[in-house]
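K.L.:
What follows is the residue order along each chain.
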Amino acid sequence: MEFYRAHVLICAGTGCTASESQATKEALVRELAAWGLEREVQVVDTGCFGFCRFGPNMMIYPEGTFYCTVRPEDVPELVEEHLVKGRVVERLLYKQPETEAAVSSFEEIPFFKHQLRIALRNCGVINPEAIEEYIARDGYLALGKVLTEMKPAEVIETIKKAGLRGRGGGGFPTGLKWEFAHRAPGPVKYIVCNADEGDPGAFMDRSILEGDPHAVLEGMAIAGYAIGAGQGYIYVRAEYPIAVHRLKIAIAQAREKGLLGKNIFNSGFDFDLDLRLGAGAFVCGEETALLISVEGRRGEPRPRPPFPAVSGLWGKPTVINNVETLANVPTIIRNGWEWFAAIGTEKSKGTKVFALAGKINNNGLVEVPMGTSLGQIIYDVGGGIPGGKKFKAAQTGGPSGGCIPAEHLNVPIDYDSLTSLGTIMGSGGLIIMDEDTCMVDLAKFFLDFVKDESCGKCTPCRIGTTRMLEVLERISMGQGQEGDLELLIEMGQQIKDTALCGLGQTAPNPVLSTIRYFREEYEAHIRDKRCPASVCAALFHSPCQNTCPANVDVPIYVDLIRQRRFAEAYEVIRRENPFPVICGRVCHHPCEGKCNRAKLDQAVAIRNLKRFAADYALSLNGQRPKPQVAPPTGKKVAVIGAGPAGLTAAYYLALKGHPVTVFEALPVAGGMMAVGIPAYRLPKEVLAAEIATITELGVEIRLSCALGRDFTLAGLQSQGYQAFFLAVGAHRDLKLGIPGEDLAGVYSGVAFLRDLNLGRPADVRGKSVVVIGGGNVAMDAARSAKRLGAQEVHIVYRRAKEDMPAIREEIHEAEQEGIKITCLAAPVALLGDNGRVKALKCNWVRLGEFDNSGRRRPIPIEGSKFIVPADVVIAAVGQTVERDGLPAELKVNRAGTIAADEKSLATNLAGIFAGGDCVSGPDTVIGAIAAGKKVAAAIDRYLGGDGKVVPEAAVERKRTAPVIEEKTARLIAAPLEMAERLQSFTEVERGYAEEQAVAEAARCLRCDVRE
Amino acid sequence: MKSLEELQKLKEEARQAIALREEGAKVKVVVGMGTCGIAAGAREVMSALLDELSKRRLVNVVVTQTGCIGLCVQEPLVDVLVPGKPQVTYGKVNAQKARQIVAQHIVNGIIISDWVVNK
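Residue numbers (numbering that gives the first Met the number 0), protein chains in the order written: chain A, 0 to 1010; chain B, 0 to 118.
Isolated chain B, as found in the complex (with noise of 0.2 Å):
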């Protein structure tokens, strides 16, 4: 260890890992998990947020799921919450439509409203 900077680097750069155990507005995504949502693909869309997440290096984002909803026929459902703005919960979300939610409403801060359900 060479200079102060050297050290604050590392420090970033791990921050990233244990973000996730921090206090803090974060955004918060949440993957419909139960059988209906899995029958429908919920488990490709939960590893395609991740991986997007991770390509991205986002760490102020938290995952979870949650079981039904009783809104089957949309399943998988991906719901978004922004701190400080309203829920928007997502449709039929598939891999790829889940890695735009990501570049899209996450990063750049737009709704996707085609796929919102609870418009």
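One chain only, chain A, in its complex shape (with noise of 0.2 Å):
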């Protein structure tokens, strides 16, 4: 025996292969014959890690480093400083996204922390080609057992008892399986392994073949001898090379060790294996449709009774189990079924296989505890969504399963749970999205699918998934009709009940379990012609566009810029909002988040180019294009509460023609515009202006005038006013709920802004400021603080970081003015001295289970409380409805907000309509625009108008200028210095200049103009 010092593995699945590893072992063996290493350093191809996103996977022992995507030109640096200097190659471990700390141990990477590997046990650690390896980790030690010491019917009650249950899908008990087949007569039985492994994205069969082949051959073995089985065959498909290349080389081996042949062990046992290449029909998954592609016919299924276990392969007893569950049965009759009994959930028993697919970091196999909800499998293994995206649903079960929404990220991953979600556990497919993927697209991929793979044998599979298909094309083409939802599930529901097979009964699932978890989804599709997620391109000119709630139309405004028709990009902008000024400085900008751009290199800078062409517009003093209104129509109109809303309301309405007057509470007009947003975000005087383009179409706006105080709705109907919007928006800040809130220097978020933005700025020199909260009320008042002269600032969250709802800059700006955040701490009380507040007393929390919105649950630890000092606490947990002086009769929802109608945003009471955060709760301004022009249109066809606000306008699609493919990175407006910044209330941005707004604008890549 050779004494080697050291064993690089490397990954020759076909994963890694794809990622080219032969190359990078080639280079390997070069590089120690060149350092005269080879008999020291011993190269030996291994089967899949799973890391396959990070692929080639390498691991060197003895010490057990764990290297991730080595490429042939990494290998000498790898051959010089690990095996010749023995030092550790930094740059080529696994890095942890978060903190970017490189991880050397293979046990330390989370990936394979959470993950307990038994069937693929074996899978990168021992070379699949040489059955040494599998023997000397306990190789047909089973086989030897249960040939020696145990009957047949010992076999299946062990495998009864540990609970096996088929990998395959169906979940069906394995050892009740090979009892039938055991009880069934006749001399000649069979035994097949179900390799055709045919969901879209799942690889796990074809994983366990390659890196351990003989571990299913050793399965085989021993079910065939529970059944009384002399000879089995593995069903697989031709489209697996490697898979097929090691079985041969295994069947080999083990024929040639005695372990496959005649008379094994000695035991009177005669047992022989064979191939069956399958071409790759996804029907020949199915058991009676394989079987006869086995005795080489063509795959078509046909119907049970009679089970295979009864009359299977040439009308003999059959049993047929999938690759993953043979893999596991050496080990249960090795560890025994107690051992096996005791891992998973009670009627789910052991480990399971997914290929992780879609959406997500960690891309790869892993195998986990049978019972590991959904969330962890996703989050902790699979590290989570990329470019910080939110998870939508889970996949399982490819085109016969469903999926699995945000909402049921706890739901423990079992065959029974997973049942009763409406989807199944299949064999281990698990694809996962994100907000950016389409529901109806994703059926229709999967019937599509499916409609391809129907044998045609029977009716309801061949022509009811075609039928189905055609519906769901057309609801995506925008051509979908009332009544289209109840025709896909009758459809759906006849083709499970009628189809022959597996196939058919299971290919209307994953229109099924969409329609179930997404209905609204479809619904926006059918009726409003609308793709929330900006898939179905007939749908929409432009991702961004399409994201806008306002629907500006992006692309048309940018290429203006791009060709310095300034005035026009503006006039386009405001067609939309009417605030393209504000927008441009403090819009959350979802449109970035959808830009195509940022799949190349980064997205656009939209809000900045906006901000550059409504500057611009600004800057001509009254000289800028003003929009056509309509003559008067005499009818008038009260808006209540001059905020976003209310103000986009009155200007759609003053254009129609209708006399409006805005009812303002406050001493200002722009509501959480002038008393929310601090100046450093949105100058006053910028606030005003572009106030001002609303009052000069005749809008009158009566300021420190409340509903309720100084007016009453009834009073406004007697002086004529024929409809009212109220847009009181969510003023009232919500309390923390704990003692001490009532103490002197404690202040709510909003009010504490509001004060500020008034004039009378509570008094924060040289002291301790706590904020409590993430949104960006926190972040407003927390950086408002420090300019106010606060000697420290203090943000305190109860969630993790990523959960904040601010916006990501704001947090970003925050912490670089010297803002100090602490997140996963919860406030339990105020202390207080005298009266006055002097500090928080906080508990630590640790991420619990998934709520319905997706995040993790705080729950506080134990024993872990601590002290944060502070003179002023400000606390910032979320806003609600102020109330007050609203009529009697207006119906409220549970949240406390008002109850208006989805579609005309019309309340309980005649004539009044309401909309904004007094509807939907504390939204953005872009949001607040969307619902007041909304309102608009409502009112205005309540008053006998067409309800047409937008003014039309001829676009014309079509490029100016060829598309830069080349990389371009985003351009960036500097911001003021930090040594300004705190000093004042200036404003913090500032816009381009226009050669960088017409050079920013050049990047759009014009994905409305369709040729």
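Keep in mind that the hints were calculated from the coordinates and are not lab data. All the pointers check out, no bait thrown in.
Covered stretches of chain B, as calculated for chain A (at least 3 residues, CB under 8 Å):
#1 12–20
#2 25–36
#3 46–56
#4 63–72
Computed from the model, here is a short list of chain A residues facing chain B with C-beta under 8 Å:
#5 GLU1
#6 GLU39
#7 GLY85
#8 TYR139
#9 PHE264
#10 ASN265
From the three backbone atoms N, C-alpha and C, an ideal C-beta is built for every residue, glycine too.
Each of the two chains sits in its own frame; use the hints to bring them together as a complex.
P.N.:
Next up, the structure:
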């Protein structure tokens, strides 16, 4: 025996082979020879580690150092550093995404830490082409034990007690299946391994066959002994050439060692195996079709009964088991059924292998105990969703399964829990989808797949899936009709009830399950002809416009900026949004999150471009373009509240010729834009100038005029007002609900900002300020306190930082300005001295289960209290509607917001409409603008108009310049120097210079042009 | 394959070949392979160690290498770490001494104190 001081294991599975692991291996062999190390260091091909996202994977023993993405050009450094000098090459280690910290050991990588590898026990550990290495890891001991010590009935009993269920998807108890075949009469029986893995994106079975083929062989021999079969077949798809190659080697080695063949272990038991290659038809995963294909005929299912256990291959009793099921068998025999039954949940024992695919950081293969929650798999093992996007749903069971939405992240993954959610375990495909996935499109994809794969034997499947697909295609083209969903459900149910085989019976599942959980998304396609995820291309011009709540035609105005037609760009924005100057500064720009340019380099800086066009128009001193106003109608409208929702409605109603009066309780107009957002983000004169563009249309704003105090709706009615818009916002702070809230020095976030913006700021100079909360109000309050001369500002938030609802840039700027952020800390009490607050008492929290929003619930850690000293505490934990003064008969929701019809925004009182924060709860400026526009249309219709409040305009979508396809970085407008920032409330962001704006606009890919 | 014993025997042999990848308490031998060590003959020391371990079928030994620790005058340096015992560093090791370190220290547990530099 050679003594090698080091073993280098390189993944030779399909995933890493595709990442060219063979080239890396060849480079390694060459480099070792060059150093004369070929007799000291052994290079071993091994099976899949599962971390395919970072392939080629490499493991070096004895240190157990795990290297990721090792390319041939990395090899010289790796050999010299690691194998010659004994130093770990940090650069090639796995890096923790959040901390960038390098992790050298396999066990410390979170992806592996949460796994329990039973079926994959040898993958990435042994050389699959060396039977000795399998034997060294206790291989074939189980077969030896079974043949020398156990009767077939005892084997079956062991598997039954272990609770092993079929891993192919159905979950039928394996021991029971064996028992049926065992009891079936006749001397000739067969065992068949179903290695026809066909789910899109699934590769569990392939990896086991490639990484540990002997485990499957051993499992089959044991099963053969248990049922009395002397011959087995492995039905594997020809599309898996590496698996086929390794299986052939494994079978030859096992025969040579006498582990297959005659009289194995001198027990009198004869058993041999052969391969049958499938052509890759999905239907051949169905057991009856598979058997017919093994017999050499066209793979089509036949009705059951008789079940294969009674009459299978060539009419003989046959057991068909999946690859993963069989790979589990030897470990159960070796370790005992008690060991296996102790893993997993009550009815689902052991582990399950999943192929993690889709929108997930750690694509790859994972094996976890049954009962692990979906959230743990996605976030702990899978590393979460890339690009800071939101998890939307996971598809299990491939085309035969269904989806699980975010509200079920806590579901324990086992057969029965998944069935109760309307999906199935399936063979282990787990496709993760984020907010950019359209569920209609998803359903269409899977249905298209099964339609193609339908064998055509039975009518429901052949014609039914085609008909369902036609309906889905219609819906995604914007030609959906009322009743389509009912039609889909009815057809789906019919197919489920009448199709001949499992393929057909499960084919409608993806459609039915997406309708079950995402009906609203279907309805948006059918009724509003809108694809909220911006996928169904026929339903929108560009993802940015489609995502903008106010429907601003982004690519058109961006292109006008590129052409230096700035005033026209402003006009395009203003057609849909009366506040371009404000939104150019404070909008949370959901458009940029959907920008296709981000897939190439970075999103186009849409908000900054809007600001440039708007500031340009403002600089024209009244020479800017003005919209056309319709002739007066004389129908008076009262708007209650001069925030973005109220003023937007006033603007559009004025354009339609209605005389509008806006009543505002505060002494300033603008709502939260005036008293919520501080001047360093939105200067007061900019706000005033933009509001002036609305009053110049004839809109009257009456300040310091509060509903209930200064006037009533009935009173206005008697003055001739015919329609009312309640847009009173959400200005009342929620309480913390902890002791000490009434101490002096404790403020609420909105009240603190309101006082500041009305020119009577709280005195925080030289004080320690603690802000509680993670939203924009908290960030605004903290950054304002810093500017007011606070000595120290500290934000305390109870969830994780990535769960903060504030705009990312705001959090970043706050930290830049020296504000300390402590997350995972829940306030418990405010401590005082002589009636003044002195400190905040907190509890550390850990993150528990997922709540309905898909965020982890904070759970206090016992005995972890800590004190944060504070002279001033600002509680910014959310707001609700101030209902004083609202009509008593007005219907409100449980959450305290005004109840209004989703479409018309009409309240329960005739002629009274409501919208903005007072209906939705605290939302964004652009959300309020969208609501205001919707209400304006509803009121116009109510007053006899056509409801078309947005002026029509002809838009020509064509490229005016070639698209820049090379990588081009997003241009940053330099912000105010840090030294100047904290001295005053001077605006921090400064817009683009003209040349910058033109250059940035040229980065637009013009997704709206379809040629 | 005719008996479980035959399989067990095969397993024991095969296990030695992959023992390096298994966890567990192992004796660790570290050879100084910095420029100074290699110039002083560390490569020959390494080869001799591996050869001797291989002849004696010692599978619970891990051989690794390290860079210069500054004590260049004593190179080639070889550290022997037996689990639960203090580290022993031998200086001016050559191929023949390396073989004796395996035989005496690793197999018999006797430290060859004449060659130890970290007394």
